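*Asks:* Residues per chain, in single letters:
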Amino acid sequence: MDVLLKVEDMRKDFGATRALAGVHLELRRGEVHGLVGENGSGKSTLSNIIAGVYRPSGGSMSLDGAAYSPQSVLAASRAGVSLLAQETGTIAGMSVYENMFLGEETAPGRGLVSVGRLKRETRRILDENGLEGIDVERDAAEYSFEQRKMLEVARAVAHSPQLLIVDETTTALSHRGRQKIYEVIRAMREDKRSVIFISHDLDEILDVCDRVTILRDGQYIATLERAELEKERLRSLMIGREFDGVYYRTDAGGGASGEAALSASGIRLDGVLAGVSLTLRRGEILGVGGLTESGMHELGKILFGALRPDSGEVLSASGARIRSTLDAVREGIAYIPKDRDTESLFISANIRDNIAAASYDRLRRGAYIPPKAERAMAEELAGRLQVKMRSVAQQLGELSGGNKQKVAICKWLARGSDVFIMDCPTRGIDVGVKAAIYRLMEEIREKGGAILMISEELTELIGMSDRILVLKDGALSGEFLRADAPGEQDIIRLML
Amino acid sequence: MKRLDKGLLKNLAPYAGLIAITLIFALTTGGRFTQARNLTNIIGQSMVTMIAACGCTFVMAHNNLDFSLGGGCALISAASFLVTRGENLPLTLLMCMVFGVLCSLVTALIHVKGRIPAFMAGMCIMFVGRGVVEGLATNMVMNLPAAATAYANNMVYLAFLVVVFALSVFVFNYTKVGKAQKLIGANPRAAELSGIAVGRYKAIAFAISGLTLGIASFLTMIRIGSVTKTIGSGLETDVLIALTLGGIPLAGGTDTRMRSALIGSLTYYVLGNGLMIWGLDANVISIVKGVIFLATVYVTMERREGSYAL
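Chains as they are written, first to last, in the numbering used here: chain E, 1 to 496; chain G, 1 to 310.
These are calculated hints, taken from the structure and not from any lab test. Quantities reported herein were computed from a predicted structural model and do not represent experimental measurements. Certain hints may be false.
What the hints assert, rightly or not - Just a few of them, taken from the derived set where beta-carbon distance is under 10 Å, the chain G residues facing chain E:
1) 189
2) 195
3) 278
We treat Cβ as the ideally placed atom computed from N, Cα and C, and that holds for glycine.
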């Protein structure tokens, strides 16, 4: 069998945290190789090492039979390895063509940078990838997350890499965006080139991959051949025990009181929302679904006072107007943003400071905030949500995505908030933590709290909501009750 | 264990630096550095900077620089003098504190409401203050009564320092005001989305900086015995370099420590004093300080692996 990349006994430590403890990977030419595992299992670390972002602490790699140890992303890219990262990889403030040739401006010619040439080259690459609508001279930041992602895809493909690593890129994209990436992957395979594909969506893994390697806690677990691929088997190898399959709520819904926990009327935001009114009641999980650009994410921010609408008003349970995040927090409203690293968490701070961040007014005795009380509160909550950590003094940035999300929720439980606005609460989170978050949502609901859950995952909307509102082009296009037992197709019809 | 060791190293580095240069100067100056008079001199010089640095730490914790300190000091001293003529010292001190807070609130207002970087707003105060006081000092003599300078001794300075530092430590570590600064420095957007009034808390940090600047201005004034053209000049850079030598994280955040104000100021003046005893030219001292400043920034700055990744 023709092997392109061989990874042997790969190890990586971040401070005291062991991210990889001896991982093997053998990648054949012309195969799409899946990499799966829970959050913190080491998938991203491994792909970052292969792509030259991190330097390993031990172990070796060979590419095409020759020793391979890239010292930078550029070196990896010259060796034929490209990475499509989880988060966005374009730089705001730079034009599209500058982004396209970042770090290798001289590539099309020799010596001096010819701007005209860069622009022509960029135009050609974009056109080849069906991105005719993108202007090469405009700032990359003017385009949506999805368009920027497509730009990265075009950039990665333009180098005709031997190996393309797709790290959890597809989950944040729309159906169209996903199809585009699948197309690229198929073309790679036909060319006898290889792909490493990382995703939390096991259905997607089964659809796309030829073979799959499973990681758990930084350890190599197994590599399954095409014929052995089966969802339940992958799942149990990932979490190391049989998964019982009960994931979503099993009750029939109902039980919402008549009491409004949060209500909005006539919310307008120029070009985004065209007059949305809704009421979230105590004892219910209200799902909000739609396409990414339907305005649902902006709606979540407006409900929390983090974004000012052009007109319309948001009222809390007590009837107070919500005009700022301060108003919202005071009224017991919590917000879990989609982008947790930049909007919800303090990455460089420790877990204790993250959990206490919204609760200083509850902790203080006069002006004094007793450190013991702060610590006890953080330990109590982190314990209750079973955050995987060494202690609450550990730096938050060292935690995996799922555990970070738990901390983000701890922050609001500490505050005593019981009306939650959750924007994609399980984005990029593995099955174990996902189930824990769902159980927690049920608990909040049963205790008379309320949750407004914005989600891009239809199964999650259907599985968790008492009521689903569908948003299309900034306006409500339909509503389903849990009792209606809507199917995915019913919802999609109203989204498009 | 690499990260842990690095963290420990960063914590100990400011102490190690101070001890190292103290030892070097003690051993190479033939006892001149360690003379009691020289040491009290260093401590005396550094205390004013320490007091101003305590307040400035609040501003740096939320990731801003206060460049108004020097010009602010001039404005505050002159304004207080015009009100009291230095006759009533407690009242002069009070006026210094009031004008200090007002002056910093102007900086904060321009920064928060006008969305202009705080260091630029501060520079504006610096230029205005310098201009106004130079003009005033050319046209009138602003001498304090002789009795005032009698209080300018190390014990009085120390008493002020102890009170300011103790209060600063308390507010910085055990109240919402201090904790909010560090969270804003760590991630301003997340702070806002956690219900922290970012603009308000930034303004409070500047007010605290203004308060300590007011005290520092008062102490400077009674030491000189008058309000001169150059009063307080260079204070903003003295404080910034001192805090940096004291190991303060340049981008603020939860690793900010109040002790940087003390250790850093001491290091800064030990360095200046030792180099002078070595007989170095003032210009050369300036260059050496610059190099050491750069080296400290290099050591303290947070650089993450892969942070340059495309």
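*Asks:* None of the hints should be skipped; say for each whether it holds.
*Replies:* Structure-based check of all given hints:
The interface hint given for residue 189 of chain G is met, as the beta carbon of that residue sits about 5 Å from the closest beta carbon of chain E, less than 10 Å. With its C-beta approaching chain E no nearer than about 3 Å, residue 195 of chain G sits inside the 10 Å limit, and its interface hint holds. Below 10 Å, beta-carbon pairs count as interface contacts, and residue 278 of chain G has none with chain E, the closest being about 39 Å; its hint is therefore violated.
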